[in-house]
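**Student:** Sequence:
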Amino acid sequence: MRELQGTGEGMAEANHPMDKVRALQRALYVAAKQQRQRRFHALYDRIARPDVLRRAWEQVRRNKGAAGIDGETLQAIEAYGVEKMLTELRSLLEVGKYRPQAVRRVYIPKPGRPKERRPLGIPRVRDRVVQTAARLVLEPIFEASFLPCSFGFRPKRRAHQALEVIRKEVNAGARWVVDADFADFFGSLDPDLLRRLVARRVSDRRVLRLIRMWLSAGVMEDGVSVGSPTGVPQG
Numbered sequence: 005m006r007e008l009q010g011t012g013e014g015m016a017e018a019n020h021p022m023d024k025v026r027a028l029q030r031a032l033y034v035a036a037k038q039q040r041q042r043r044f045h046a047l048y049d050r051i052a053r054p055d056v057l058r059r060a061w062e063q064v065r066r067n068k069g070a071a072g073i074d075g076e077t078l079q080a081i082e083a084y085g086v087e088k089m090l091t092e093l094r095s096l097l098e099v100g101k102y103r104p105q106a107v108r109r110v111y112i113p114k115p116g117r118p119k120e121r122r123p124l125g126i127p128r129v130r131d132r133v134v135q136t137a138a139r140l141v142l143e144p145i146f147e148a149s150f151l152p153c154s155f156g157f158r159p160k161r162r163a164h165q166a167l168e169v170i171r172k173e174v175n176a177g178a179r180w181v182v183d184a185d186f187a188d189f190f191g192s193l194d195p196d197l198l199r200r201l202v203a204r205r206v207s208d209r210r211v212l213r214l215i216r217m218w219l220s221a222g223v224m225e226d227g228v229s230v231g232s233p234t235g236v237p238q239g
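The opening residue of the sequence shown carries number 5 in the working numbering; numbering runs sequentially from there.
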């Protein structure tokens, strides 16, 4: 608990597991906001917390999604036993034996351009749970650094909010809107650069190792392993 001393995490937590996760996120956000140069070193154990893993499972289940390369579906895990699965994941994380599997690659039509397809990576369900648990812990730290004008892929921010900002700027006299897109952004992303950027705020070596394993887990397409020195699976 030394990492968050003085942030009030203990007092803020209620009895409900979901409230404890939200209290943890608030504490991390406040600590990151107050100390812009702080690097967090005690995060791995929080990712492996039972309540965080349970919250991660609930989000993965709500998002639905297909099975990964192991063929295990959400329904199969429910039949197997969710608590049993979460306990197994936690044990693997605690002893350092968790290993992600390769991502299953599929292709889906691009919105508005049905003749074009974009690759989508589907991790196995168990990997999605651990990844979501990591996101629950890491997201508040990086949220604290984003600018108010940033909307893409951020929690509680939507496209219509960005449009409302544009409307207000136009009414205030602005005359230009620039729409830009990166060609093959995910496919050309430098994993080493990504890790270095994460390491600016995260010094927990076990968390950085988790991210490194996910980035290097590989991709399976039609049962064949494919790989590239650059890029990350989109999805």
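Keep in mind the hints are simulated off the structure, nothing from the lab. Bear in mind that the values here come from a model prediction, so they are computed numbers and not experimental data. Glycine included, every Cβ here is placed at the ideal spot set by N, Cα and C. Hints may contain errors.
Lysine to aspartate or glutamate pairs mimicking EDC-like chemistry, simulated, CA-CA at most 20 Å apart [what the hints assert, rightly or not]:
(1) K101 <-> D74
(2) K172 <-> D188
(3) K101 <-> E82
(4) K88 <-> D55
(5) K88 <-> D74
(6) K101 <-> E120
(7) K37 <-> D188
(8) K24 <-> E143
(9) K160 <-> D188
(10) K119 <-> E98
(11) K114 <-> D49
(12) K172 <-> D185
(13) K24 <-> E76
(14) K160 <-> D49
(15) K68 <-> E98
(16) K88 <-> E62
(17) K160 <-> E225
(18) K119 <-> D74
(19) K37 <-> D183
(20) K24 <-> D185
(21) K101 <-> D23
(22) K68 <-> E82
(23) K88 <-> E98
(24) K24 <-> D74
(25) K114 <-> D23
(26) K114 <-> D55
(27) K114 <-> E62
(28) K119 <-> E62
(29) K24 <-> E87
Pair by pair, the computed Cβ-Cβ distance ranges are [what the hints assert, rightly or not]:
(30) L201 <-> E92: 29 to 39 Å
(31) W180 <-> R121: 11 to 21 Å
(32) H45 <-> R158: 21 to 31 Å
(33) S149 <-> D74: 32 to 42 Å
(34) P54 <-> D74: 15 to 25 Å
(35) K119 <-> A178: 13 to 23 Å
(36) D188 <-> P159: 18 to 28 Å
(37) T234 <-> V99: 30 to 40 Å
(38) K119 <-> T91: 41 to 51 Å
(39) F150 <-> Q238: 16 to 26 Å
(40) E92 <-> V169: 40 to 50 Å
**Student:** Which hints, by number, does the structure contradict?
**Tutor:** Per hint list: 2, 3, 6, 7, 9, 10, 11, 12, 13, 14, 15, 17, 18, 19, 20, 21, 24, 25, 26, 27, 28, 31 and 35 violated.
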